[in-house]
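Asker: Chain by chain, the residues run as shown.
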Amino acid sequence: MKTLAPERPVDFAAIRKDFPIFEQKVHGKPLIYLDSTATTQKPLEVIRALEHYYRTYNANIHRGVYAIAEEATARYEEVRGKVARLLNARSPSEIIFTRGTTESMNLVSNAWGRSNVGPGEVIVLTEMEHHSNLVPWQILAKERGASIRYIPFDGKGRLDLSGLDALLQGKVKIVSLTHMSNVLGTVNPVAEIARKAHAQGALVCVDAAQSLPHLGVDVRALDCDFLAFSAHKMLGPTGTGGLYGKRALLDAMPPFLGGGEMIREVRLEGSTWNEIPWKFEAGTMNIADTIAFGTAIDYVEKIGFAAIAEHSRELASETMRRLGEIPGVTTYGPPAAERGGIVAFTLDDIHAHDVATVLDHEGVAVRAGHHCAMPLHTKLGVAATTRASFYVYNVPSDIAVLVEGVRKAKQLFHR
Amino acid sequence: MSLDDFYRQSILDHYQNPRNWGTLEKPDITASDANPLCGDEIRIDLKIKDDRVEEVRFSGKGCSISRAAASMLTESIEGKTLDEVKQINRDDVLDMLGIELGPVRLKCALLALKTLKVGVYGIQQNWPGEEDEG
Chain A
1 MKTLAPERPV
11 DFAAIRKDFP
21 IFEQKVHGKP
31 LIYLDSTATT
41 QKPLEVIRAL
51 EHYYRTYNAN
61 IHRGVYAIAE
71 EATARYEEVR
81 GKVARLLNAR
91 SPSEIIFTRG
101 TTESMNLVSN
111 AWGRSNVGPG
121 EVIVLTEMEH
131 HSNLVPWQIL
141 AKERGASIRY
151 IPFDGKGRLD
161 LSGLDALLQG
171 KVKIVSLTHM
181 SNVLGTVNPV
191 AEIARKAHAQ
201 GALVCVDAAQ
211 SLPHLGVDVR
221 ALDCDFLAFS
231 AHKMLGPTGT
241 GGLYGKRALL
251 DAMPPFLGGG
261 EMIREVRLEG
271 STWNEIPWKF
281 EAGTMNIADT
291 IAFGTAIDYV
301 EKIGFAAIAE
311 HSRELASETM
321 RRLGEIPGVT
331 TYGPPAAERG
341 GIVAFTLDDI
351 HAHDVATVLD
361 HEGVAVRAGH
371 HCAMPLHTKL
381 GVAATTRASF
391 YVYNVPSDIA
401 VLVEGVRKAK
411 QLFHR
Chain B
416 MSLDDFYRQS
426 ILDHYQNPRN
436 WGTLEKPDIT
446 ASDANPLCGD
456 EIRIDLKIKD
466 DRVEEVRFSG
476 KGCSISRAAA
486 SMLTESIEGK
496 TLDEVKQINR
506 DDVLDMLGIE
516 LGPVRLKCAL
526 LALKTLKVGV
536 YGIQQNWPGE
546 EDEG
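Same order as they appear, the protein sequences are chains A and B. Quick note on numbering: the numbering used here labels position 320 of the first sequence as 320, and the sequence is numbered without any gaps. Here the numbering used here runs 415 ahead of the position in the second sequence, where the first position is 1.
Read the hints as simulated data drawn from the structure, not as lab findings. These numbers come from a predicted model, not from an experiment. Be a bit skeptical, because a hint or two may be false.
[Unchecked claim] Away from chain A, derived, C-beta distances all over 12 Å, residues of chain B:
#, residue
1, N435
2, I444
3, S447
4, D448
5, R467
6, E470
7, K476
8, S491
9, T496
10, D510
11, M511
12, G513
[What the hints assert, rightly or not] Derived DSS-like pairs: lysine-lysine, alpha-carbon spacing no greater than 25 Å straight-line:
#, chain 1, residue 1, chain 2, residue 2
13, A, K408, B, K476
14, A, K29, A, K408
15, B, K441, A, K410
16, B, K464, B, K495
17, A, K246, A, K171
18, A, K379, A, K156
19, B, K441, B, K476
20, A, K29, A, K17
21, A, K379, B, K464
For every residue, glycine included, the Cβ atom is placed at its ideal position computed from N, Cα and C.
Use the sequences and the hints to build the structure in full.
Answerer: This is the structure in structure tokens:
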């Protein structure tokens, strides 16, 4: 993990002013956005970067030899370098741009999985995965006659690693897990699991959709083989993100999608593939959003991951403490010290939708439902939870409004 | 719409004191369904006499909108013929609730109607008046 100690205290209240969306009111109240786990808001510079691209150098990349095409190509590839540095990859060629975490997972399960996982072999996941790290593997397992084993989590929302050695026995080809749960907020010991998986000859794939924005990641410290992430959960635009993969693995993998740019040579008899990373970037990529993602990375790095992680933890801690004072509230997951800025809770038997609707009328945006993690909720024994999640634009007064709204919901629906 | 308008007194009343709550012994028609997106579940039992709904009960779990809609709907079909029940559409249910709903809560509101239709037609069908599954 890169330790970017905050050199000076960060003024998070001032940061909020960089986000135009907070200038509006919702139901007559100031917008309090507590759903950053789903997607984050965008600072003005990111929005401007999109506009700047379209106004001044919109052109397709890697092909044109005219000025604006060269400019677009340079800016796009510059972001690849930026991401490589952000993740501490060995080379920009280890960074493939995709639509986001889900597409990255599907890239691994298809391009790597179909040529490396066979009948009787095993994929290891955890019980706390987002559907994006469950369903692609279930599709692969069914197609290839492989099986899936799950690392369980305990009553505190921590992975129970007591049975890990046994789970890794046999023909385990890959362990794919989330670095940070999108419901419980749990930060998983990926490096420790990777060590054990590698000792058994299995690869490790990491869902960093939440951990990258909240904690920052270092692929060499984690020693993961693949790592998937999304731009829009880190102040960037939707529709772009990427996959890190170790060079030797990416080199050996067949393409995922076929089309333009991913080829070296096309003949009617057959084709040969471009080198990595372009082998995996078929067709016109999401140029504008990827370039604006670069601006988002600059913005986040200016604040620093250490400060962001600390800020998220403080907000989560305060939320858990204050919600805990309301009789009937149950929060899920580990103590605040062990989690990122996410708090999922239930309120008596009042449905999460009703809690969220009351909060909405207070201007508070939270998520209600199973958050694309149905097996996790089944294990918790609840159909749905209400989830508050935090990022750089949130401040302690947001929590006061949240807590007041939850009290209001309790009052309204109390029989 | 203000919160008080959204959670009208009648909706809260039907949520907190659902009419026709429970199950029937040996129902002539029974149907159950769920909305996995939000975990709502419902079962509707009917006793039919002379082609009319003699008795109706519903049970399950869900949000205030889904329970209030089920309560209001069951109340409205007592004594109706099966043909009349088949005529009930989504607008009727939304009129009973009397509020505007977004696409997610719409499914909560219509779960009871969908389940009732499955029961009276004896077949699986689309969400009432809804083609896409969003």
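Asker: Please go over all the hints and tell whether each is borne out by the structure.
Answerer: Against the structure, the hints come out as follows:
no. : hint               : result
1   : N435               : 18 Å, holds
2   : I444               : 26 Å, holds
3   : S447               : 15 Å, holds
4   : D448               : 14 Å, holds
5   : R467               : 33 Å, holds
6   : E470               : 25 Å, holds
7   : K476               : 7 Å, violated
8   : S491               : 23 Å, holds
9   : T496               : 33 Å, holds
10  : D510               : 20 Å, holds
11  : M511               : 18 Å, holds
12  : G513               : 16 Å, holds
13  : A:K408 with B:K476 : 22 Å, holds
14  : A:K29 with A:K408  : 15 Å, holds
15  : B:K441 with A:K410 : 37 Å, violated
16  : B:K464 with B:K495 : 10 Å, holds
17  : A:K246 with A:K171 : 21 Å, holds
18  : A:K379 with A:K156 : 12 Å, holds
19  : B:K441 with B:K476 : 22 Å, holds
20  : A:K29 with A:K17   : 17 Å, holds
21  : A:K379 with B:K464 : 43 Å, violated
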